[in-house]
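Residue numbers (the numbering used here), protein chains in the order written: chain F, 1 to 594; chain R, 1001 to 1320.
Rather than coming from a laboratory, the hints here were simulated on the basis of the structure.
Just so you know, nobody snuck in bad clues.
Pairs of lysine-lysine residues, derived as DSSO-like cross-links and limited to a Cα-Cα distance of at most 27 Å, are as follows:
# : chain 1 : residue 1 : chain 2 : residue 2
1 : F       : K396      : F       : K527
2 : R       : K1060     : R       : K1071
3 : F       : K594      : R       : K1165
4 : R       : K1165     : F       : K314
5 : F       : K223      : R       : K1060
6 : F       : K345      : F       : K412
7 : R       : K1090     : F       : K224
8 : F       : K219      : R       : K1090
9 : F       : K241      : F       : K594
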Amino acid sequence: MTRSMRTVALVALAGVFALALAACGSSSSSSSSSGSAPSGVLTPATEAQSGGKRGGTLNVLNHEDFEHIDPGQSYFSIDYEADTVTSRPLYSYKPDNFKEPVPDMASGVPQISADKKTITIPIRHGVHFSPPVNREVTSADIAYALDRGANPNVGNPYFGAYFNSIVGAKTATGGPIAGITTPNKYTIVFHLTEPKAATVIGALVLPLSAPVPEEYAKKLDAKKPSEYGNYQVATGPYMWKADSSGKILGVGYQPGKSATLVRNPNWNASTDYRPAYLDQINISIGGDTNVIGRQVLEGSNMVQNDTPAQAIVKLAYEKFRSQLEISSGAGDHYVALNNKNGPFKNVDLRKAYWAVLDRKAMDKARGGELVSDVMTHFIYPEIPGFEQAGGPAGPKLDFNEHPEGDMAVAEKYMKLAGYPSGKYTGSATVQVVGSTGSPASEDAQIANQALTSLGFKTKLNLVDQSVMYSKYCGVVSEKIDVCPNVGWLADFGDPEAVLSVPFNGEYIVNNGTNSNWGLVDVKKINKAMKAAELVVGKQARAEAWAKIDTELVEEAVAAPYDWSKQPNIESKNVAGVGDVANEGSWDYSFTSLK
Amino acid sequence: MARYIIRRLLWGVGLLIIVSAATFVMFRVFPTADPAKLRAGRLQDHRVIAAIRHDLGLDKPILTQFWIYMKGIFLHFDLGYSYYSTAPVKTLILNRLSATVSLVLGGAVVWLGSGLAVGIISARKPRSRLDRFSMGGALVLVSAPEYWLGLLALFAFASDIGKVKIFPGSGSYVGLTSDPVKWFTSLILPWLVVAASNAAVYARLMRSSLIETMSEDYIRTARAKGLSERRVVLRHGARGAINPILTILGLDIGVLLGSAILVETVFDIPGIGRLNYDAITHSDFPIVQGTVLIAALFIVVANIVVDIAYAYLDPRVRYS
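Bound conformation, chain F alone:
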């Protein structure tokens, strides 16, 4: 997914998922690798997940608003902050672990048939919907939740990508999907048209699989667009504050102003691994990030749950270090080079560009080492396969050796590309489309400067990020040569979730929203990816995808520069716990007041 607006990753977690679930059934078995941070700075790995003080109200100051509060439509880290504590999908991740999902609404691991075309999942007993529905959740509620994923009125962004292999899903429009059956109240079965059980299971950690009561939601889903989000009911420890009819809009959520999460009176702690210490979460939306940051650092009972201003991160690091959390594995940024059209069809030109790009300067523009590591390959920290793909240093290739840029190596590849002077002498003007706003615009300028240093004539166009994706970089027919501000964030803790959509030629979308921005379509890599999708076993998968990662580097399919780390801040009396699975955002169901 993209960094700020989660895009899809066609993920297959493969059979390893079931093994992983079995392995982490006990809460003590999860081993975290939530990354390192400077001394005194918190990380999700260092934050206690138990023993918090019960009670109190947490005040969340967010600059940004939610995008979609309906769990069937949400696909954004701030939306997920609420989803994580109000909706219980079939599986989910504990805060410090993005590698091993645990059963949530499910009561155990999925059973996969030998042909990998049938999945049977047991459902937890004793989970009830919040008012006004109140009744116990059954498997039919999960089936309906998934049915609505195909409903255009809901507009779920990833249903087609993950669940199309379910029988009847491709033609579904919101009605019952033939391939989802519920033999009894506590069992759900998925029948697939092809052996893609791993893909379907992998997607069950997303909020779309959180139960929705049909008798309550159907009339709301019939509206265009669906109004269920504004009347939704919860299964998690918290619910959106609502009036007696269940209405949230204008009560517990005022767009652009505030949101209020209160305890779900029907939540049963014995059915959930979340401790849910807080009584209430008041979310204030808007305000300037420089002001919000100071209010949080100098005040009490507060956190900021979107990215703080760079000046505030610096202030926190220098003067409030114990109130700063850094979560690694918050995605990546790279320069997409058009592999199909224009000069960068030539692999040596791409290598030359990679070699000359000053990745250190780009990371410095983002805030330096505290919030960014120099990216040397494509699988990022916290994702299995990262170490196998070369770890922080990455593959030992000359164009990858000097992150500050190396003109001598670049000239070597320019010559190999057919430019004996070491500079580009072709007639093409390279079209560069980047994003406005800091630090994206600075990164775009540096990326553009690297092009001109190689002799390219460029036309740099900076536009709003949503426009950059929806009108330029994500539209194949635009044939943009260079997109310096694209980024990716995995939906799942699996290397396939990182590499597949952005670099698999099979997933280029010619007539829609394409996320293979460089139009990377290397036949041998496509084939390797197809084979790796079927690999079972955590270690084997990591190795298979790491090998693909190295091949992508060897082809210099894009020029990577930033492994992002997410900074978070809290007041002194807050014991925040961040979710690695959601860019390090604070998890309200584990956070407490001191």
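Once you have looked at the hints, place chain R on chain F.
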């Protein structure tokens, strides 16, 4: 007079139709991004995008879309719904109107009061130390960006993060009806910041206008009749000098009601300006369209009010 007002109102309606048409062309004919794709979210299935395009009526001929759009606005005041929250744009705007009106009208009272007073005093004693000090200060305030001034005010005087903790800070705004005292105190700093640059402009304008007016024949006549200097200045001079002030006051209030973005953001006041800013950053076109229309409405209404006020303040002005 009545005929004049009716004529101005009709002109106003005409202007709003033109603005509506312009926003339609801007967002439907030449959109910066496909509304159906924005509504659908990223990497959406093309079938869903097509269904959403149909639901939004974007697959209809452009003239049909225009007719539906104008009919919605002028017959039902239907401004559509947000692509993100799915809340009706009309509701979102109405919910935020009171905050913006509170900010702008309160600020206008402050800048008019202080700006006119300083302008009159400076005009009475041109080139005096007081005049030089006032006009120098005005120059500084005009040059100070509102955003910077807002941050400075908060870091200096906000009760939570200020050095001298006096006034409620960012995020403290509450509605007038829920707590009038809190409403008032929470707006003191924003009012001062909104007023600062405007007061400076008004002071300079009032000064120059009053200096010119005070040299008119009718002022000499007033003095010859033995009126006190205070009465001459305030009753005759200031009244004559105020027309250019009124002209820009109408525009300023109208514009600010639709675009007090920086002050609303710094002080976390949930008003129209911030709604517009958030919508622009998310390409939430229906909200942008709605706020543009409302801003245009404010400007039209403010100008009509100003024109009517002319007649009362300046006896030389007669409408026919």
